[in-house]
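Protein sequences appear in the order of chains A and B. Counting from 1, position 122 in the first sequence corresponds to residue 122 in the numbering used here; the numbering is continuous, with no gaps. Numbers in the numbering used here are just positions in the second sequence, counted from 1, shifted up by 1000.
Because the hints were derived from the structure by calculation, they are not lab data. Hints are not guaranteed to be accurate.
Stated by the list, open to error - With a straight-line cut-off of 25 Å between C-alpha atoms, the simulated BS3-like cross-links for lysine-lysine are:
hint	chain 1	residue 1	chain 2	residue 2
1	B	Lys-1078	A	Lys-389
2	A	Lys-479	B	Lys-1134
3	A	Lys-389	B	Lys-1017
4	B	Lys-1247	B	Lys-1078
5	A	Lys-298	A	Lys-387
6	B	Lys-1213	B	Lys-1188
7	B	Lys-1112	B	Lys-1134
8	B	Lys-1213	B	Lys-1017
9	B	Lys-1112	B	Lys-1186
10	A	Lys-98	A	Lys-389
11	B	Lys-1247	B	Lys-1186
12	B	Lys-1297	B	Lys-1307
13	A	Lys-389	B	Lys-1070
14	B	Lys-1078	A	Lys-479
15	A	Lys-479	A	Lys-389
16	B	Lys-1070	B	Lys-1017
17	A	Lys-387	B	Lys-1327
18	A	Lys-479	B	Lys-1327
19	B	Lys-1213	B	Lys-1186
20	A	Lys-387	B	Lys-1297
21	B	Lys-1307	B	Lys-1247
22	B	Lys-1112	B	Lys-1070
23	B	Lys-1070	A	Lys-387
24	B	Lys-1321	B	Lys-1307
25	B	Lys-1247	B	Lys-1070
To be verified - Covered stretches of chain B, going by a simulated chain A footprint (3 or more residues, C-beta under 8 Å):
hint	stretch
26	1073-1080
27	1321-1332
What you are looking at is a predicted structure, and each value in this text was computed from that prediction instead of being measured. C-beta: ideal position from N, C-alpha, C; glycine also.
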Amino acid sequence: MGLPFPVLIRDNGERWMLAIVAFYVAVFCVAPLGRLFTETLFPAQGDFITLLGNIFESKTVRKAVCNTLEAGVFSTILSLILGTAMALFMGLTDIRNKTLLVFMLLMPMLIPAQIMAVSWLELAGPSSPALAPFGYKPPPGMRNPLYSREGVILLLGIEHASMVFLAVRAGLRTIPNDLIEAARSAGAGPLRITWSIIMPLLIPSLVAGASLSFVAAIGNFGIPALLGIPGRYLVLSTLIYQRLSSFGPSVLGDVGGLSIILALMAGAGLLVQYLAGRRRKVELTDGGHFAPPFTLGKRRMGCEIAVWVVLLGIAVLPLIALIGTSLVPALGVELSFSSMTLNNFAFVLEHGGSRRAFLNSAILGLAAACIVIAISVPLAYLAVIRKSKIAGLLNVIADAPFALPGIVLSIACIMTFLKPLPILGFSIYNTIWIILVAYLARFLAFGLRPAIAGMAQVDRTLEEAAQVSGAGVFRRLWKIILPMAAPSAMAGGILVFMGAFNELTVSSLLWSSGNETLGVVIYNLYDEGNSTGAAAVAALTATATLGIAGAASLIARNLPRGVLPWQE
Amino acid sequence: MARVTLESVTKSFGPVKAVNDINMDVEDGEFIALLGASGCGKTTLLRLLAGFEPVTQGVIAFDGEPVSSKARHLPPEKRRVGMVFQAYALWPHMSVFENVAFSLRVRGITNKQRAERVSEALDTVGMTDLAERKPSDLSGGQRQRVALARCLAMEPRLVLLDEPLANLDVNLRESMQNEFRRFHRKTKSTMVYVTHDQAEAMALADRIAVMDKGRIVQIGAPREIYFNPAERCVAEFIGAFNQVRAKSDVSGLVLAEDNTIPLHALTNGNKNKHGDVELFFRPEDAHICDNGSLTGKVTSSVFLGDKVRVHVLLSDGQMVKVDAPGKHLYEEGASVGIELESESAMVLS
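One chain only, chain A, in its complex shape (with noise of 0.2 Å):
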């Protein structure tokens, strides 16, 4: 006799651990976005299909959408060029100061959107501390170039060279050399080698690289709102905000549409990114060593000037002048030793708002690590070492908030958490939860990705060892893997705290009175004209963000590779 189903006396504890890390995520990740996806495609009144003729009918709407997609694709097209010649350069020569440069071509991972922006508008911009030393000044009173369709499509696409530069450069460590060295003993040089062998074997890492870059551009906010607003080029998620900011939740359900058109969007992205990341017809390596194989020889120095110069101009130029705008005492002012002041710093560090927001940004940035951090790690474990189909299904899941334009997360939240929560009784709509809330469900895949790298190298043996001990799941992950895997544990809290500290998109939509971040904060003085406090905000930003990275590459070299995406 016996039961018509197995009763698997399996371990409770593993169980528990299971229930809990799924809880999070159906509350964090899947219970807003869920929301949003169900409320506007079955609407109350009326049908999705009406919804989108509604929206459709505006004439801002149907321009916003043509925006959207068009920034997208055009700044995807540049951030393919200079990503993928970067990577070439990088990966096949013999090119000097490599990491220096890798270094400063990733800088835009390190330093958010919207510092980006704000420093190449003082670069561009009428009392430019670094183009006037070279005598050259635009004529007072004329726009800035950069308030305009092209100036959002060169930021955009400067800001995510970084994503097709590491996918590239992965793509070029499958290459096995061998077929590099039969074409050149087959006579081919190195131009010929690299359009016609290497090229073609880097398609799937080119349309993987170039749909990430597409997704995040038109999922970015920073860019679009200080470029576009003032040069009157709406895309999507500038609409949206300012659609909310005029006139509050009630616009929700159109809002909602919006979200969901761009959610679309990138999806189709997504779809791109991952069907490229199948086909796979040629036996690559696993990575292991790639020897650039080409010298320039003679063109050496005229390319590393090319290079040096692009690179400086993108990376380093812009933070110059972001840094010379906060030493000026007012905007016009040219900046030398006698008008430097540091008076923009004392006035932010007294300015209530500013202060308030640096509070804000640390504290969100610290919870919202520590918590990722308690998730990540059992969740990480489940999936890898005991191999649970279940833990595997969270891991995919894990991703859709970070994949998916902030805005649209943001307006799932509003959406979700708008009424008073169930049991406790108040709405966290209008306080600092509510953006902790977004920032929980966002930054999950930043914390659990480099958990996973380091669960992957912890030897199974171990675990069983554990197991045969007598040792029970908690204990198993407490006491023996933990301690193998607290590298890249501790690195994604560090990636999730930058990423929180910086973060604007979210928190443009969620923020309140006193509950402002550091970018709402930055965005919010370059907004009131008051561009050198503006720019002092950002210069502290991006200083206290480049001294967390640094920290954390020292400690990289316990790390497995890739954990830090700006590792070499």
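Following the hints, position chain B against chain A.
Positioned in the frame of chain A, the structure of chain B alone reads:
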């Protein structure tokens, strides 16, 4: 210590049956070796006993209590089964002492008692002086002894060993084999030892279970297996058997004209087969003489120190190996005769 019973145990991975309908009884305190080539299912069987994999069919029971069945699977941490891994699996961030103490901590044993039991275990394997070292500072042999101590400390009902000597050099293996034998005698543990090394299995085990393609082909004492292999695959695995084709009739086995093996060379029980047969005999059971039942020419001889292995091409074209004392020399091309010891050859299918 436990008595282990396996009843019709099968483990499938998709369409492949890694372990196929195994029936086995391991007595309390017995040392049994699972012997076979790579892929025969011995490691899978070990992992089934440990509880790392659930059974697809059948029942595994310890002292009559089912631990693995289709209806019920007791997880490894609840089985009190000790395991010694091929790559030792010592936790690198813990000292030797902490590694051995871990299972006792889990069970909530107090500090003082824990320290006592750990010292006892380390003493048994001779690692007391190295208690504070980290695994990375130990040699292979030392690590394996710590792994053994770790097992000892938890007083398991069953000890499983997964090719524990595979990573050690040859000289170390013999001393570690002695270590295992000592361990078995002292603790009277039930031990299941997986290996692909037949000499090791014969040196250590009370009984050997020879496995092939997921099945147990023969199970018995080492002498039994060595002198009476039940099937051809067992013979092919144990020792260096010669295999020749012959025709059998009442007078003996005929390979070709002038090449007959007299009936008294066959072991009992195999004299009644007639027709085409496969004959197995060991190189050490044959000797070279001037006039033997078999004739052939020497093709090569390999000097192995204590013996010379002579390769002889028989007159009917088959090749056999014959061992001779190391001091003898045989020239290539020399004609020789071969005689088999009484009751040393067998007919196997």
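Quick rundown of the hints versus the structure:
1. Between Lys-1078/B and Lys-389/A, the direct Cα distance comes to roughly 23 Å. Compliance with the 25 Å bound is thereby established for this hinted pair.
2. For the suggested pair Lys-479/A and Lys-1134/B, the alpha carbons sit about 16 Å apart, so the restraint of at most 25 Å is met.
3. Between the alpha carbons of Lys-389/A and Lys-1017/B the distance comes to roughly 23 Å, so the proposed pair stays at or under 25 Å and holds.
4. Only pairs whose Cα atoms come within 25 Å are accepted, and Lys-1247/B paired with Lys-1078/B is rejected, the gap being roughly 58 Å.
5. The suggested pairing of Lys-298/A with Lys-387/A is violated, with an alpha-carbon distance near 54 Å, which exceeds 25 Å.
6. Between Lys-1213/B and Lys-1188/B the alpha-carbon distance is near 31 Å, which puts this suggested pair outside the 25 Å criterion.
7. A distance of roughly 22 Å separates the Cα atoms of Lys-1112/B and Lys-1134/B; the hinted pair therefore holds under the 25 Å criterion.
8. In summary, the hint linking Lys-1213/B to Lys-1017/B is supported, as the alpha carbons are separated by about 8 Å, within the 25 Å threshold.
9. For the hint linking Lys-1112/B to Lys-1186/B, the alpha-carbon distance of about 24 Å falls within 25 Å, and the restraint holds.
10. Note on Lys-98/A and Lys-389/A: the hinted pairing is violated, with a Cα-Cα distance of about 41 Å set against a maximum of 25 Å.
11. For the hint pairing Lys-1247/B with Lys-1186/B, the CA-to-CA distance comes to about 52 Å; that exceeds 25 Å, so the pair is violated.
12. Distance restraint check for Lys-1297/B and Lys-1307/B: the Cα-Cα separation of roughly 19 Å lies within the 25 Å cut-off, and the hinted pair is therefore satisfied.
13. Annotation: proposed proximity of Lys-389/A to Lys-1070/B holds, straight-line Cα distance about 20 Å (limit 25 Å).
14. A distance of roughly 18 Å separates the Cα atoms of Lys-1078/B and Lys-479/A; the hinted pair therefore holds under the 25 Å criterion.
15. Taken as a hint, the Lys-479/A and Lys-389/A pair is honoured in the structure, with Cα atoms around 24 Å apart against an allowance of 25 Å.
16. Restraint check: the Cα-Cα separation between Lys-1070/B and Lys-1017/B comes to about 16 Å, which is no more than 25 Å; the hinted pair holds.
17. Of the supplied pair hints, the one linking Lys-387/A and Lys-1327/B is violated, its CA atoms being roughly 60 Å apart against a limit of 25 Å.
18. For a cut-off of 25 Å, the pair hint linking Lys-479/A to Lys-1327/B is broken: about 61 Å separates their Cα positions.
19. With a C-alpha separation of about 35 Å, the suggested pair Lys-1213/B and Lys-1186/B falls outside the 25 Å cut-off, and the hint is violated.
20. In summary, the hint linking Lys-387/A to Lys-1297/B is not supported, as the alpha carbons are separated by about 61 Å, beyond the 25 Å threshold.
21. Note on Lys-1307/B and Lys-1247/B: the hinted pairing is violated, with a Cα-Cα distance of about 31 Å set against a maximum of 25 Å.
22. Taking the CA atoms of Lys-1112/B and Lys-1070/B, the gap is near 42 Å; set against the 25 Å cutoff, the hint is violated.
23. Straight-line distance between C-alpha atoms of Lys-1070/B and Lys-387/A comes to about 20 Å, which keeps the hinted pair within the 25 Å bound.
24. In summary, the hint linking Lys-1321/B to Lys-1307/B is supported, as the alpha carbons are separated by about 12 Å, within the 25 Å threshold.
25. Pair hint Lys-1247/B plus Lys-1070/B does not hold up; C-alpha atoms about 49 Å apart against a cutoff of 25 Å.
26. With a threshold of 8 Å between beta carbons, the proposed coverage of the stretch 1073-1080 of chain B by chain A holds, since 8 of its residues qualify and at least three are required.
27. For a cut-off of 8 Å, the count of residues in the stretch 1321-1332 of chain B with a CB near a CB of chain A stands at 0, and the three-residue condition is violated.
Violation of the numbered hints given earlier is confined to hints 4, 5, 6, 10, 11, 17, 18, 19, 20, 21, 22, 25 and 27; the remaining hints are satisfied by the structure.
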